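Each protein sequence line maps, in turn, to chains Z and S.
Quick note on numbering: numbering that gives the first Met the number 0 labels position 88 of the first sequence as 87, and the sequence is numbered without any gaps.
Quick note on numbering: numbering that gives the first Met the number 0 labels position 109 of the second sequence as 108, and the sequence is numbered without any gaps.
Since the hints were made in silico from the structure, they are not lab data.
All figures in this text were calculated on a predicted structure; none of them were measured in a lab.
Accuracy of the hints is not assured; some may be wrong.
As the list claims (entries may be wrong) - DSSO-like, lysine-lysine: derived pairs with alpha carbons at most 30 Å apart:
| no. | chain 1 | residue 1 | chain 2 | residue 2 |
| --- | --- | --- | --- | --- |
| 1 | Z | 44 | S | 78 |
| 2 | Z | 23 | Z | 72 |
| 3 | Z | 89 | Z | 23 |
| 4 | S | 15 | Z | 72 |
| 5 | Z | 23 | S | 15 |
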Amino acid sequence: MPAGADTVEIRESDRPGVAVVVPKGDIDMSCSPQLRDALRRVQDKRPARIVVDLASVRYMDSSGLATLVEAMKNAKQHQTRLVLCAMNDKVLAIFEIARLHQYFVISDSLDQAYEA
Amino acid sequence: MSQPAHITVHLHGDPKYLAGVREMVASVARRLGVDELSCSQLALAVDEALCNVIRHGYQGQDERPIWIRIWPEPLESLKSDAPPGIRVVIEDEAAQVDPAAMQGRELDDVRPGGLGVHIIREVMDEAIYEKRSGGVGMSLTLIKRGNVTPTVGAQGPKGNASCGNDPA
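So here's chain S without its partners, still in its complex pose (with noise of 0.2 Å):
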């Protein structure tokens, strides 16, 4: 993306963090007009995005750098009658790892652990792993595209599950 974020936030990789986060990307979404479904999903997917880089990219060292920045999704669905939608980048300084390595693990396996990027996926439209130029941290893109036509009788946690924070 080559223009500027419309919103940039710098934060340590703490998880007491995530709360605020979560409500902070949901708070805007809705400002963008992004519908509550979307707004929560979202919402959960940054939070497991967040979670992995303080986890695996930086094994807990709770005061390592990660940055988040804003977009509408398009860029013109401000001025426009685009249906509205958000498109987040979360950046960090972790060792990079091969984006192709970034899947979800078979579920069938019931074990803890490992299902955050399972969860990304699973509830948004875009999530691109990358790695960040200069040879250091890893970059997630992650596009929740607005609803053009509600699909009637849509199933599953695309169509109609809810799963984040409530309504600030």
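Same shape as in the complex, but just chain Z (with noise of 0.2 Å):
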């Protein structure tokens, strides 16, 4: 991995049913693959809930966005609740220029996104 890249972690919880996925860095069109790649993973396993934990994400553009839709999208499918969490204020940003904010459920927390 080179210095400084931008990495996806997929956790598992100690909630049973639940996936928590962790991008980090810059979620732009060089690392959203990645992101793609891991929602997707989880999502074969059919979690009842997948959360998202945006703590660590500085930025974020408009391929980033995509794939967040694209998992909504399959989540709504699969009956699979999404939650997003822990966005900084410039990831809100990006949401509300959109115009998704309200499409997403999006918590404040990592504990809040458990319940939401």
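Relying on the hints, combine the two individually framed chains into one complex.
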């Protein structure tokens, strides 16, 4: 992995039926395919809930938005609850520009995302 | 713009360079005196513009050329009290399309993709698509003007939403 590369981690939650996806760094066109792959791997397991923890994402562009929209559509299709959480103001701003902040379930923290 | 650019960058249309370009344009804008919010928005707009060139113009061919040229906006802002802004021109060698077709899509139709042009037009003061002379390639001029007087209670992305890279 090159220095400074952005990554996506998949965490097992201690809560049954919950998967947590943790992208880190900048989610742009160079990294969003990794996020898409991670979300697809998780969704293939059909968890009841997927939490995307965005606390470590410092920047996102429309390729990241597109990836999350696709994941949300897949989640709805399979009755999975998809929740985004802990995004910073800069990331939230792009959801607002694209008017997608009301399309997603967005929680302030990881703990809240388990219940949202 | 007849004056030579103050900065010219020639890069390959490879997504791995997006982060570096974002940091460069935001840093240059900051050095010109552009406010922090506008620097972030400029970085986002340039990122979206490059993504469109790479994805749609070059269809992922990552060695095709892109040129970025930068000027202060207006030019005399460096030597006057004019509020500092920035002009960025992005050019490519992709197939030409009708500039009038470069509009953001309807946002009520929630689906992946197609948001780049909407975002660019939302965060920039001007975004002008043109065909390059010679029959090949497109040009996009992005202008972010300096703020004369902050608007109290301004709302929305042009008012107070930050969205780009953090300060270097």
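We went through each hint and held it up to the structure:
no., hint, in the structure
1, Z/44 to S/78, "violated (61 Å)"
2, Z/23 to Z/72, "holds (23 Å)"
3, Z/89 to Z/23, "holds (14 Å)"
4, S/15 to Z/72, "holds (28 Å)"
5, Z/23 to S/15, "holds (16 Å)"
Checked against the numbered hints given earlier, the structure breaks only hint 1 and satisfies all the rest.
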